[in-house]
Structures are given as structure tokens and as C-alpha cells.
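These two chains come separately, so use the hints to put the complex back together.
Going down the list, the sequences are from chains A and B. Residues 1 to 343 in this note's numbering are what the first sequence spells out, letter by letter. Residues 1001 to 1269 in this note's numbering are what the second sequence spells out, letter by letter.
In short, the hints are calculated from the structure, not lab data. Glycine residues also receive a C-beta, built at the ideal position from the N, C-alpha and C atoms. There may be inaccurate statements among the hints.
[Claimed, not checked] According to the in silico footprint, chain A covers these stretches of chain B (three or more CB under 8 Å from chain A): (1) 1074-1082; (2) 1101-1110.
[As the list claims (entries may be wrong)] Below, simulated DSS-like cross-link-like pairs (lysine-lysine); rule was C-alpha separation at most 27 Å, straight line: (3) B:1220 x B:1022; (4) B:1078 x A:247; (5) B:1220 x A:247.
Below, each chain spelled out in residue letters.
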Amino acid sequence: MEIRSTLISATLGLVLAATIVASTTMGFLSITPLEVLQIIGARLKGATTVTGIEPSFIFVVWDVRLPRILTAAVVGGGLAVAGAVFQGILLNPLADPYTLGVSSGAAFGASLALILSIIGISMPAFVSVPLFAFIGAMATLAAVFSLSSRDESLSSNSLILAGVIVAAILSAGIGFIKYLADEQVSVIIFWLMGSFVGRSWSDVLLVGGLTLPTMLVIFYFARDLNIMSLGERTADTLGVDSSRIKKILLLCASLISAVAVSVSGVIGFVGLIVPHLLRAILGPDNRTLLPACFFGGGILLLLADTLTRAWLPSELPIGILTSLLGGPFFCYIFRRKQLGRSS
Amino acid sequence: MTATTAENYLQLDGVSFGYSEKEVLSDIDLNVRSGRVYGLIGPNGSGKTSLVNLLCGTRRPDRGVVRLLGSPLSAYSKKQLARHLSLVPQEFTLGFDYRVRDIVFMGRHPHIGRFSSPSLDDHELVNRAMAEMDIESLADRPVTELSGGEKQRVVVARALAQDTATMILDEATSNLDIRHTLEIMRVLKKRVSQSGLCVIAAIHDLNLAASFCDEFIILKNGQLVSCGPVEHCLNRELIREVFEVEADVIVDSESSGMRIHYPFNRTIN
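Isolated chain B, as found in the complex (with noise of 0.2 Å):
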């Protein structure tokens, strides 16, 4: 595990960003320490995507700086980035059917020399994230064949086996039903509590999200509106000011988790 410890492990100072004329995010000032798990949230064309592809370094700000690990990361190749950061999309397309452990493998690429093989870590570490994912039977399947539920567990798995620092996930579960949505997230937790694994996901449903998340990045027009534990983030007025809808919030009193209620009789005037 490359994990570490260290305070501010993203950091984006002054991100700007935008697709020619028009300006998709602005000004983004934001800090991400290891060992927590943060919600993207905010509505379509907020900028979810945008900041996602800034994260992963897949996209350049206009302006300002995108650090890890306090260097910018146009200092890190491809491959080294791929050491730190893996990602999970939401669409998943194969031309070829290659097989579910193949796949899985690729996670180990920026890990491999061009000439060399696999070694034993990279087997032991494939197996445990195919295991962690109960993918194991599905091994020597096409993955062209797998229903979309399995697919994206094996998605998930390749992340896994790819044994970055920080997973980001975009929109990662919003094709899946709500169990084979909660094994994976059971199986991201276990991780950031054991090996200190910084999660950023973006995630549309906002009872998902508050159950799953330990802080919330809330942007809206490509702007920051909130940053921080989902118990200070998310309340009546947050939800009416992001997403123009009128909601009750719910705090359980037992488990101190967080209900969101949309009352259909009340409308924002």
C-alpha cells in the first residue's frame, strides 16, 4: 500500500477550467486527505465530471494548480500517476472479450515493466481484489458475456487490483441495483478504514451518497458552494440552494445517520 498518512494528499489551488468559450468550472480551492471517503455531489452539469477528469489528470486546468502529494501533476508521467490514482467510470465498453481475470490483470499495468511478467505480488494482489469483489467464479468468463452488475464488479476489481491511494468513481454504481451498489461501497470502506484509502465519488443519489460518504464537495455552476463533514454540509437550505428542490432532512436518532425526505406536495416558488 502507497498510502500515506500526510495531510492535504489532492490539493487544487485556483482550478479554473472550461471547453473553449465557456467556463465549466471556476476558482476551485479544495484539500483531500487519505483514509476518508468524499462525495461528489452537485446537479447535472454542475461539473462533477469536469473536476473528476482534472483529478485523474486526464484533463489540464486553464488556470491554477492540481497537487498530489504537494507536486503538480504534470510532474508525474502517466504511469506513476496511474501508481497513485485509479478510476472506476460509469461507462464500461469492451470491443473484445477478453476474459474477467484479464481485465482484472490490467489494473497491474502501471505496475509491470514493459519486458517483464507478472510477479507473485501482482497474482496475489489480482486474486485479492477478484475476491473482494466475489468475481472469482467469473474468472475464465468473457466479459462480454457477464450481466451489468458483474461487469462493473469487475471494473471495480481492476481499480482494486491497480492498489492506489485514491479511488475515483464516476457515477461508478448508477447503473447497478441497490445490493450489488452497497457490496461495492462495504467493500471501498473496509478498504479506506484498513489501508487508508482516500475515495472520491461522484454520486447522484443524495441518500446514497450520505450514508456512504464520511464529507461532501458540493459544487453548483462550476463553483465550490461546500466542502466538509456531510453532517455540517447537508441540510434543508443546502439542498434548495444546489438543487432546487424543497427536502427534509432527517437525522436517526439511534444511528445518527442521514435521511433525505422529498415531500411531493411542496414545491419552491
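With the rest of the complex left out, here is chain A (with noise of 0.2 Å):
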């Protein structure tokens, strides 16, 4: 069991890695993989000129490139991540960020900052925009658990049924800051398409920096979310504390895509995709399936953005594009799950 989860994720990371080099030759420039290496070595060790190498090159690779392609796949593995403790805890294959919620409540959060911004309250938009985003996917969180926390044991039904009737609501709020946007109504659209365009270290550093923590500690957990499949009464009868397991990896599930949300915008499907197809590749254990998850969910939304900088003609916000890929998925997944149900 161990050796096979480790062997699945050291693999995983190296073609997560490979694909990361791959994706930084590809673009405007065309650059090597060997210079790509040399140039990544070259800054790691603090040395700002490789000798043989073009130093507009090395600012392309390091200073727009791999700022962008990290970001990328930092939120993509968190996504995954995040979508497959959501569906865990859920028992629910359709579950995902949006499902309870949360992304809206982090779109609504940003575009309010984007609103205060636009009629005058001005505050730094890379101070304001991760962190309305942070507090309005927390807020929404809180309003979700408040709403079902009559139901002791925040069933599934009650906690899906809270998310999708906060999230008609905050929808509507969004439209309604769109509104009062008016004539600037571009910059909220185009920041809720989702992109990864321009993204600096600043960025790497928020999103790995909260990420990657957050994640240790879904991971810590993993076996009581397998045991916690079985049902709460079950798993409480098993010796697992399952309300607050949930409650704990619900909040950093929820951070990890207010995170994400909060540097890329709205990205769906990623975080509904990854886990279903490692799920059906690699079988439900949490122990192996979320590690594959991350490194899964940062090799496809990095392919994906790829596709979109370096390859399309012109650049697609990649929102539309995971969505445009997605959409057909998720119905296709609905009516399996459907299908399997009525047999």
C-alpha cells in the first residue's frame, strides 16, 4: 500500500516537473529545456547572468514565465485537492468548491473589492483582491455551517442544500456589482473569467505559502476521511471524532480555494475533474488520492493554461476554457452517476 501511494506520487511529481520545464521553453521566445535548467540553477543561486545565454532570455524564463506557470500549478493541485475533500466529506462524486459555496462567496468578495476600487475607495488591488476574496469565501463558509447547524451533525444534504442557496444569493450580489460597475463592468468580468496573466513572485509566495500548509494538514487526515465514507454513525463507532474532522478539513478546503480564487479569478472543474478520473484510476483511498491530486490538478491546469499562452492565437481566459472542457464532463459524470443509480 505505501510503497504503490509513494511510487503514484513520485511519478506524478516528476511529470508535474517535466511539465513545468516544458511549459516555460514554450511561448513567445522559444528557449531551450537546457537553458531553461541552467537559468533556473543560474537564480537559485543567486547569480543574475548565465554565460551564454541571452539575459532577455532569463529575464523571460524567470521573471514572466515562471512566476505564471507556478502560480498555475500551485492553484490547480489545490483545487484538486480541495474538490476531493469536498467530495469525501460530501459522499458526493458532483462535489467541488462551488458546491458549498465557497468560490462564489470568494467572486463576491473580489468583485467588491474591484466595485470599491472602481468608485473611488482606493486601496492597493494586490492587497484588496486576495483578501475581500479570503473573507468572503470564510464569511460564506460561516454562513453555511450557521445555516445547517441545527442538523447536529452537518449532514450532507443540509450542508449542500446551505451552499447552493448562499451561493444563489451571493450570484445575484455579484450581478448587482456589475451593475454598479457600468462602463468599467470589464475588469469584474474578466477577473471572474479567471487568468493567470501577469502573475509575479508575490503571487507564488501567497498562494504556495497557504497552500501547501494547508494541505499537510488535509493530508494528516486522510485516513479518517476514508473511515468517514462509511457514514458519520459508523465512523464515529470506528473511534472518529467525524463532526470535527469535517469542520477542519471543510476550512482548509475552503481556504485552499479562496486562495486560488483570490490569484486567478474563477477557475471551475478542475477541482471536479482531477480527483473523479485519479479516483476511478487509482481507487477512493484518500491516502494516495489526494498527494495525486495535487500534482494531477497542477499538471492539467498547467496544460491548460499553456495551451492558452503559448499556443492559441490569442489569449483565452483560461475560466472559460477549463469550463468549456469541463461542462461536458460534469454532464457526462451526472448522467453515469444517474445511470448507476436507476440499475
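Here it is in C-alpha cells:
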């Protein structure tokens, strides 16, 4: 079990590393993999020039491409792990950060930050947008918890229902903010569509610094999450404090989702597709599945971002791309789940 | 085996329990000893499920105290409690397609430290439980593909692998056909006589309960009506009082087993 799980994680980790290097070579300037590795090695040692490589290449690799690529990889990985956790807790293969309204909350917070700056209450956008997105996500989670708290054990149905209700109110709120923004609505719309354009090292630090430690907390409870799939009552008699662990894991997964939304806008379906595909291949054991989701989500979102950045004639917002690809997939799972139930 | 021969293995002292305004169990006193099979009997809504929940510690009493080996259940952590008590529920739902062996292995969860791997003992107990429930051939099948009877055997095997001194069955066999029901009861009976397992089973079918159990715990409207050996408790008057039906209780002279017959042409006035 452990050997297989380590092997899978190591393999996927290597694939992710290779994807990072490969996508760094691609773009308007063609740079070889060897040059990329030389530049990364040199910059990690603190050198600012590399003999035989043009300084503009170093700038492009280190200051333009890598921050964007690493942000995309961590966001993709984080969204996939968050999705796997939501699915594991809600015992629903269709759950992801959207189901609980967490993403809508983050989007509402970010829209609010943008409208405030449009109407003149200005804060530096790189502080206010992530901060508001985070507050929005956490406030939504608190609202969803308190709506379903009459139900002592936080049952999946009442959580999902509360999430849907709150998300519906929030999207009306986002619509109102768009209406207020009037002619400058494009700023909000573009942000809501999701994009990694122009991400910097400070974004990498923000998203990595919050996502990676939170993910360790999630991995710590992986075995409990397995047991919780037997249902709360049985899990409790197997020594798992399911309502406490449920709260911790929902909090962690929401934090990761909020951070992801705050640096990259709304990117749907990664949290749904990646855990679903990997579960079909690797089985449902969260001790293997969760680390694999991190690497798999990173690979998928990075490939999608590289597609729009380097291959498409003009850059398409990544959120639109993932939804165009993910939407039909969502329909397919939904259909299969319904067929499975009726048979 | 952690079984103890101590009397009063599980003990309820003046236990009451309710949801918001409505009291579901009132003032229950009860002693449960190891090495016996207890049948939890009563009509729908008599408080059986609430009593099961109190016994396995998933609910706390409003008044009174539930004791395990002399200490209140609240003094045990969930993990400690899970080493003493296991539950076989009636409903078994799984959102994900774990393999049968994975599910049975989950029974070892309270015994395996967070960062340790399963020991040889753990594997041994899992294999033994699967052999007893005759599900070895299903070990690598996804549990979502099994029939109802197979699934329930997996759940009982999981509880057996948990290797607790007490096992609580909440209508665990009511969706099964008679062959699978008897198979499960035969295995549990064997554990009771061999290793002093204590079984507390909520059962609807009185005939089945009479042949499986040593003692009855009989509830009606949240009150403990009667408690003791089956042959003392079970009679026509009690069935009339508790279930409000007419029945003949027939004692088989050869096996001294008891049988309940429900005549259809007589009704209660």
C-alpha cells in the first residue's frame, strides 16, 4: 500500500516537474529545456547572468514565465485537493468548491474589492482583491455552517442545500456589483473569467505559502476521511470524531479554494475532474488519492494555461477554457451517476 | 480479546434521553454482562435506536449515566470506545467503490496508530473475520458491486475485525433472507461462546429473536418494560401488552426452544 502510494506520488511529481520545464520553454520566444534548467539553476544560486544565454531570456524565464507557471500549478493542485476533500466529506462525486458556495463567496468578495476601487475607495489591488476574496469565502462558509447547524452532525444534504442557497444569493450580489460598475464592468468580468496573465513571484509566495501547509493538514486526516465514507454513525463507532474532522477539513479546503480564487479568479471544474479521474484509476483511498490530486491538478491546469498562453492565437481566459472542457465532462458524470442509481 | 468476565460490563443508571421537547427514553436502568446475547425488543418508536445510540456513545444521555467497565462513557475518547464497542448498522451506504478488504480493514482503524502501518495481528484478524463471514472470495471486489446480503456480511466482518468485547447490531439483518441471517447469527453465537463476546441486537422478528438471544431487553414508549432471560420474559401477556397483538407462545418440548404463533382470526378488543 505505502510503496504503491509513494511510487504514484513520485511519478506524478516527476511528470509535474517535467511539465513545468516543458511549458517554460514554450511561448513567443523559443527557449531550449537545457537553457531553462541553466537559468533556474543560476537564479537559485543568486547569479543574475549566465554565460552564453541572452539576458532577455533570463528575464522571460525567471520573471515572466515561471511565476505564472508555478502559480497555475499550485492553484490547479490546490483546487483538485479541495475538490477531493469536498467529495469525500459530502459523499458526493459531484461536489467541489462551488457546491458549498465557497468559490462564489470568494468571487463576491473580489468583485466588491474591484467595485470599491472603481467608485474611488482605493486600496492597492494586489492586497484588497485576495483579502476580500478570502473574507468572502470564509464568511460564506460560516453562513453555510450556521444555516445547517440545526443539524447537529452537519449532514451532507443540509450542507449542500445551504451552499446552493447562499451561492444563489451571492451570484445575485455579483450581478448587482456588475450593474453598479456600469461602463467599467469589464474589469470585474475579466477577473471573474479567471486568468494567470501577469502573475508575479508575490502571487507564487501567497498561494504556495498558504496552500502547501494547509494541504499537509488535510493529508494528516486522509485515513479518517476514508473511514468517514462509511457514514457518520459508523465512523463515530470506529473512533473517528467525524463532526470535528469534518469542520477542520471543510475549513482547510475552503481556505485553499479562497486562495486560489484570489490569485487567479474563478476557475471551474479542475476540482471536479481531477479527483474523479484519479479515483477511477487509483481507487478511492485518500492516502494515495490526495497527493496524486495535487500533482494531477497541477499538471492539468498548467497544460490548459500553456495551451492558451503559447498555442492559441489570442489568449483565452483560462476559466472559460476549463469550463468549456469541464462542463460536458460534468454532464457525463452526472448521467453516469444517474444511470448507476437506477440500475 | 479484550473481553472481560466482569459482571455489569455495560451499565445504565437512570438514563433519560430526548429530542427537543419529546422524551424518547425515560429512566432506564440496565445491566449488560459479557458472554451473552441480548435482544432489544419493542414496537416501532419504542426507543430502540436511541438506546443503541446511547450504548455506542454517539449520543449522550440527558439525565443518568451509561457506564462501561465502571467508568462513564464520556470518560472514554472516541478511539478508546471504539476498541470496546462496535456497531453493525442496518443501512449501509458507500459513496466510493472501496474493495471489500479495504472496508474490513477499516475495522482495525481504532487499533492502528496514525503514523503506523497495520501489524501482522491486524492482517490476521481481518483474514479471520473474512473467513468467518465467508467473503474471502470477494476480497478484491468493489463493495458497490455486491448484493445486499454480501454487503451486510462485509459490514459484520468489519465489526468482527474491530475485535471488541461488545457488538451492537441495529436491525442488522432485517434486509436479509433467512439463510444469510442465520449464517451471521451462527458466527456471532460462536464468538459469544468461545471468546465471551457480548452481543446486543435490536431485532423486529420475535421468533428470530427468541431463537438467537439469551436475554431480552423490552422497551415500550421509552420505558423498560421487562428485562431478563428469554424464557422468563416471553409470554402471551407480555406480547399483548407491548405489541398490542394476540399471540400464542409455544414451547417446543424437545429443544425447549420458543415459537410465537400469530392467529389471524383473533384480534384484541
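Cross-check of the supplied hints:
1. 1074-1082: holds (count 6)
2. 1101-1110: Coverage by chain A holds for the segment 1101-1110 of chain B (6 residues, Cβ < 8 Å).
3. B:1220 x B:1022: At roughly 15 Å apart (the allowed maximum being 27 Å), residue 1022 (chain B) and residue 1220 (chain B) satisfy the hint.
4. B:1078 x A:247: Given that 27 Å is the threshold and the Cα spacing comes to 17 Å, the pair holds.
5. B:1220 x A:247: violated (37 Å)
In this structure, only the earlier hint numbered 5 is contradicted, and the remaining ones agree with it.
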